[in-house]
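Participant: Now for the letters of each chain:
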Amino acid sequence: MKILTLNNVHKIYEETEVKVHAVNGVNLDFEKGEFSAIVGPSGSGKTTLLNMIGGLDQPTEGEIIINSTNIGELKPSKLIDFRMYNIGFVFQAYNLIPVLTAKENVEFIMHLQGRPKKEREERAEELLKAVGLGDRMDSRPSKLSGGQQQRVAVARALASKPKFVLADEPTANLDSKSTENLLDIMEKLNSDEQMTFIFSTHDSRVVKKAHRVINIEDGKVDSDEIQKRN
Amino acid sequence: MIFSIAWKNIWRNRMRSLIVMIAVTIGMIGGIFSSAVFKGMSDQRVKEAIKYETSHIQIHHPKFMENQELKYTLENPERMAGEIGSMPQVQSVSRRMEIPVMIKSTATGTGVQLMGIDPDKEREVTAIYDAVYDSTDLIEQYGFEDPQRISGFLKDSCGTYFGRKTRWQQIVIGEELAKQLKVDVKSKVVVNLQTTDGNLSGGVFRVAGIYRITNSAFENTVAFVEKDVLAELTGLRTGSTHELAIRLEDDGELNAMMSQLETKYPDLSIMSWKDIQPELGMITEWLDVMLYFVMVIILLALGFGIVNTMLMVVMERVKELGMLMAIGMNRMRVFTMIMLETIFLSLTGGVIGMALAALLVNYFGNAGINLKAFAQGFEAMGYNPMLYPQIGTAFYFSITVLIILTAIVASVYPAIKALRMNPAEALRIEI
Chain A
1 MKILTLNNVH
11 KIYEETEVKV
21 HAVNGVNLDF
31 EKGEFSAIVG
41 PSGSGKTTLL
51 NMIGGLDQPT
61 EGEIIINSTN
71 IGELKPSKLI
81 DFRMYNIGFV
91 FQAYNLIPVL
101 TAKENVEFIM
111 HLQGRPKKER
121 EERAEELLKA
131 VGLGDRMDSR
141 PSKLSGGQQQ
151 RVAVARALAS
161 KPKFVLADEP
171 TANLDSKSTE
181 NLLDIMEKLN
191 SDEQMTFIFS
201 THDSRVVKKA
211 HRVINIEDGK
221 VDSDEIQKRN
Chain B
1 MIFSIAWKNI
11 WRNRMRSLIV
21 MIAVTIGMIG
31 GIFSSAVFKG
41 MSDQRVKEAI
51 KYETSHIQIH
61 HPKFMENQEL
71 KYTLENPERM
81 AGEIGSMPQV
91 QSVSRRMEIP
101 VMIKSTATGT
111 GVQLMGIDPD
121 KEREVTAIYD
131 AVYDSTDLIE
141 QYGFEDPQRI
151 SGFLKDSCGT
161 YFGRKTRWQQ
171 IVIGEELAKQ
181 LKVDVKSKVV
191 VNLQTTDGNL
201 SGGVFRVAGI
211 YRITNSAFEN
221 TVAFVEKDVL
231 AELTGLRTGS
241 THELAIRLED
251 DGELNAMMSQ
261 LETKYPDLSI
271 MSWKDIQPEL
281 GMITEWLDVM
291 LYFVMVIILL
301 ALGFGIVNTM
311 LMVVMERVKE
321 LGMLMAIGMN
331 RMRVFTMIML
341 ETIFLSLTGG
351 VIGMALAALL
361 VNYFGNAGIN
371 LKAFAQGFEA
381 MGYNPMLYPQ
391 IGTAFYFSIT
401 VLIILTAIVA
411 SVYPAIKALR
421 MNPAEALRIE
431 I
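Which chain is which? The protein sequence lines are A and B, in order.
Quick note on numbering: this note's numbering labels position 117 of the first sequence as 117, and the sequence is numbered without any gaps.
Quick note on numbering: this note's numbering labels position 244 of the second sequence as 244, and the sequence is numbered without any gaps.
The reader is advised that the hints may include incorrect statements.
[Unchecked claim] Part of the chain A face toward chain B, derived, beta carbon under 7 Å:
1. Ile12
2. Tyr13
3. Leu28
4. Asn51
5. Asp57
6. Thr60
7. Leu74
8. Lys78
9. Val99
10. Asn173
[Claimed, not checked] Straight line, CA to CA, 20 Å or less: simulated SDA-like cross-link-like pairs of lysine to any residue:
11. A:Lys143 - B:Trp11
12. B:Lys319 - A:Ala93
13. A:Lys118 - B:Met1
14. B:Lys319 - A:Val99
15. B:Lys319 - A:Lys163
Simulated from the structure, these hints should not be mistaken for laboratory data.
Every residue, glycine too, gets a C-beta built ideally from N, C-alpha and C.
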């Protein structure tokens, strides 16, 4: 089932004297349950593309359709709600709320969605157990390692029951063991819950695990390949 | 949860938050305590003015206040005093004569306002009787353990409020006037006045008592004699009355009573203490406004400090705010969170400041602040040099509202800064 379509998406930055064509006519479709990596060197436009897919940035031209909704047509306030209910985010720098515990961080987005406390707590516990942090639920981010924080971020991204999760270089700050561990968890969530993951990365370890690898070069799709699953 | 996050957020940088809280605390203590001192001073002044000088309400012939001419007496004053005295809000009514006279001693002379009173009735309306330096003060001053041991001589040396049987006509004068005339208790003074038929007349009085209140101008210009004696000197009928002085049961009844009397006696001049001493009325009415004005200025100054702190908070948390907006926290919630942080930051300091100020006000409200070193200056303006700070609970409530308003206003600019962020850009910023 197609959940995300990019039709001739362009992004041009004109703020500086030099016009920058960061994304240049990208056409892509993503099916439910994909585990895909958008790969490319620094400055290739992968983060810009991911930001536009996540509704954090608007394309200069073209359309992005998520589950039949053209997100470019949504008003800013509707777009925020749309993001909350449809897209999970995992950031490179974890970006957890430092004053909340791991469990509260996961609960937070469900609080924004207005879900009842009991449901929030149960789902937060279930997700933290799924990412292997059942024993660190009451720890604040400062008491967790980078890998553990990123696992909390994955649990948080899934808490809102999104259509897909966007992860912008999720392993960039992690050591190889934590990277391996995180990728295993995300892969398991992908196979067990049919959760769609889209990464931007230049980490070969992530690329190796991805089922589909989309290469971006100078804002254009250079290659789009399905990899054999191990 | 946003409440909880906002509260926890203010403790992320403890030292910075504590500095803001301490500034608010000190501002509150300073503002509230000084307000309480001024309010206490003003309330004391009003209470003493009502107690010793004006009573709550005075009724005159409408033309009497123009030139204080003898002929403008009230009609049927006895009946009026009876009617007014029987009203439930009224504690008592005193009928007075009031005449400008010259008073002379062997040393000098001066003009004063001579009040002809019925001492027993006047006791129920004003408390000059209590301000006369008498044997009670002597006991207090010299610390006699047994008042019975005070010798007859000493007792006789003290003044009384028309309390001693004597063949002399008695006059009670203020301490300032006594000093000016260089007279003491039992000294003789001569009073010159104009009679109803326009001739000059006079009488010799012995100083029966000397009163001491906190208004030296009043002490210097108002003397009391018995009403019938004054009527006889002026040629007015016994029982003639220029002024009805009314003491109410409760200060709060003033406005209601004024309108009741104005309706009942439309042809007479009905004046409240605020009309009689307009400067006092103005002080009490303007003081409240001024106190709030002072607090607003203090809060305004603190507000700039708070804005600065909150701007630092927002700038430090750009990435976090970007993340919150990215995952679905809408503008209203971001604004609310920053506003709540500002309110918590300000209100914590504010509540501590108010609590400490309340303790100080309570302590000094009972113990008093002794400024007797400046007594002369205070008394020249009619103020008691012993200050008892006081402030109503409504003031604390209003200050709480003002602090919250200040915090809301102070949070607007930092919050707008936060809301203007583009989540995608905010997430890219490296701090």
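Participant: Compare the structure with the hints numbered earlier in the document and write down the numbers of the violated ones, lowest to highest.
Facilitator: Numbers 1, 2, 3, 6, 7, 8, 10, 15, in rising order.
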